[in-house]
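Start counting the sequence shown at 0; every next residue gets the next number (our numbering).
Some hints could be false.
[Stated by the list, open to error] Simulated pairs of lysine to any residue, SDA-like, Cα-Cα distance not exceeding 20 Å: (1) Lys404 with His331; (2) Lys404 with Asp388; (3) Lys615 with His530.
[Stated by the list, open to error] Okay, the calculated beta carbon distance ranges per label pair: (4) Pro216 with Ala21: 38 to 48 Å; (5) Ser213 with Arg281: 46 to 56 Å; (6) Asp568 with Ser709: 19 to 29 Å.
Think of the hints as simulated: they come from the structure by calculation, not from any bench. Beta carbons: idealized from backbone N, C-alpha and C, even for Gly.
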Amino acid sequence: MASVALKHDIEGVSPYLLSLRAALQEKLNRPLKRFAVGDLWVEVCAAADSLWVILRREGLGGIALRAAHLQGTFSCRVAKPAPGETARFVITSTVGEHLVTLRTGLDACEYLHMTVRLTPTAPMLIPFMPRDLYPLDAGDDPLGAKGTIEAVQRGLNAGLLYFHIDEPGFGNILYFQNLTAMNDYYRATKTKPDGVVGGTWPELGHLLPTPEQSGTPPSAPLPAGVEVTLSDAIMVFRQNGSTEEHESARQFLQMLGVAYKRIALPRTAFRDWTERAKRTLRDLDTAPEATIAHYGHRYVHPYTAAEYPDIMVQMSLIAAIHDWGKWCGEPHPLEAEFKAGLNKFYDPKLKTLRRYLPNVGDEKDADAVDSWYLYHPMLNLGRLALDGDAAALALLMKSVEFGIKAAHHFKYKWPIQYKITDFSVITENAEADGRGQTDVGGIYAWVMLQMFELTDDKRFLDEARAAIDAAAGLRFNVNYQANLTAWGAAACMRLWRITNDDLYLGQSYVYLGGFFHNCEIWESEIELAVHYRNFLGVTCLQDAPYMAIYECFDSFAAFEYYLSDSGPDLEPAARMLIAEYCKYALDRAWFYYPDALPSEAISSKQRDSNGHVDRKLCFPLEDLYPDGQQAGQVGQEIYGAGAAFIFATRAFHPIEGAPFQVYCDHFVRAMERTGEHALTITLDGGETCVAGLSLVRLKRRKLTRTRLTSIGGDAVRPHATSANRIDYHVPANGRLVLTWE
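Please model the entire structure based on the sequences and the hints provided.
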């Protein structure tokens, strides 16, 4: 028996790879189907134990994609494709009937979309399925191709794999598994798609989750006679792929955009964030669990009746309430009340803002600070200062130099936590990836750009550039905390606008690639997740098991700046993905509020020291889980209560003299009053996407007859009407004309 020599640092292989290799050396069987997709040739072939889809570029290698792994004898026939399909195959075996459909096309890149469904003949236990993706060299050898894996699925985030085959030069490949399609499988087998897409070269792709095997494995079969989806894989190919960091990130976003347009998108619903904002203000003002008095001033509890006041929490609520006051036309009294005690956080000896008040309890390390915590309060002070708040400007000016000193000490590469008194490191790196807070340079750069705008001092611009430059080479490891990554993208975009240096536009794509790598680009229906939405939610940390409300709305706010500073040179897929994230955030974030969930979906126990959950209070839970765990295990997050103000002030648009407000789930790029009862609305979301636009009746007013048209005069009909609201689905990119009586 001949031995197999392994190449290119491959440590070992499975029997499944050797079986494929032998079949390819024997030239498989005559293809059942052969067709072209752009420059790719596709063959569908049956081997002894699998149906394979082989994709090749002439002389440049290829990909072997397993459509079905089979036991025993089987037959496969070519069936008539349904509309929109390129090919369809029916496999009959003792296991049941597999239906394999292929859809192909050319968008920005070539793509192949393979869906595999199984109808079992008996209640079916599945102990194991091999991975489904193998790179091939020019001689069809899965041991011969050399390449690099750039990104794999993290936890329960998007089921994606991004890699390139360098020898031979096949190019870049994005493999995207549409996990939404397999909810029935997860529920039946009591499994979850945690880290199922990835692998070790050259055995890659999707590892179907199966019950953990043991002496007495769990019994959770697929029901007999019921069709269930086993795979819904979208592969996107780019021959002229780049391994350069910026261009690789841009191509990742472009290819992800192609895959995104291939999946069925969940519905969204109108959410009345203005009403929730009013309820939030009431509870902040009147609920004893919300605030506490120190030094004669009023401070916000981070969690319900729990935890010590801290500067990040205080500033986050102040900035959000400030935005609400601007939107309403007059400041809300709570803004001034919460600002009155800010100076107590200032340490005149260190000349910086401390996390806690001077009287913090002994159980807290008063000198410990997470790296990002130093800068986020400065960001919100900068927002107030840019709106003309002299006191905020003064506090920022006397704090910012310490922030620069810290950046210089750590050489723009911050640890997780350190002592504010002497910069001694408490925690250097996160256990998950052995790195520090890799994206703090992004939020630091944004603060420096705020300072540059406030002072016109080039020193701050140079600081912003230095911080962003220090992140070079992190690639898909730039993300530590989602909102910091979003602010980093916004800082890069603004740097590009200021300097006209394309390096910063490219680096913005690196931050965006890290952000969307950590997105849950699927809708879970596992366990309690049926009661809320998670589509396009981003996990708060790179290794976190949950989505968090604060990171959700703070990323939303950062992306508003990113899109505002962008222009026609922005990669269209980046524009689309950001706009879609913000659209779904407006819908998804509603379910962080305990009154939007059934009681059984909320944990009765919270993390130690984080208080309790009060469903009557209009404060969000911190945590929602894609695998359907109970929400609110961390706590009810008062510092996340700014979400309602941020969402309300961006999505709702007062129209002077009209009996309604305009609600839109996309950022309105421009709105011009063209007549007493007419205005034009400009949206700049994804070119092929749909936005929700509603006319929301004002109190004590009546909706009159309205007409909405495209700029070309084509009427847009509402999809729902009531006495209180008229709802439209409109193109997410372009201009609309609204008129009313």
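Structure-based check of each hint:
Restraint check for Lys404 and His331: not satisfied, since their Cα atoms lie roughly 35 Å apart, outside the 20 Å limit. Among the hinted pairs, Lys404 with Asp388 is inconsistent with the structure: their alpha-carbon atoms are about 25 Å apart, more than 20 Å. Simply put, Lys615 and His530 have alpha-carbon atoms about 18 Å apart, close enough for the 20 Å limit, and the pair holds. Between Pro216 and Ala21 the Cβ separation comes to about 30 Å, which falls outside the hinted range of 38 to 48 Å.
Taking 46 to 56 Å as the suggested C-beta distance range, the pair Ser213 and Arg281 conforms, at roughly 53 Å. Distance hint check: the CB atoms of Asp568 and Ser709 are about 25 Å apart, consistent with the given range 19 to 29 Å.
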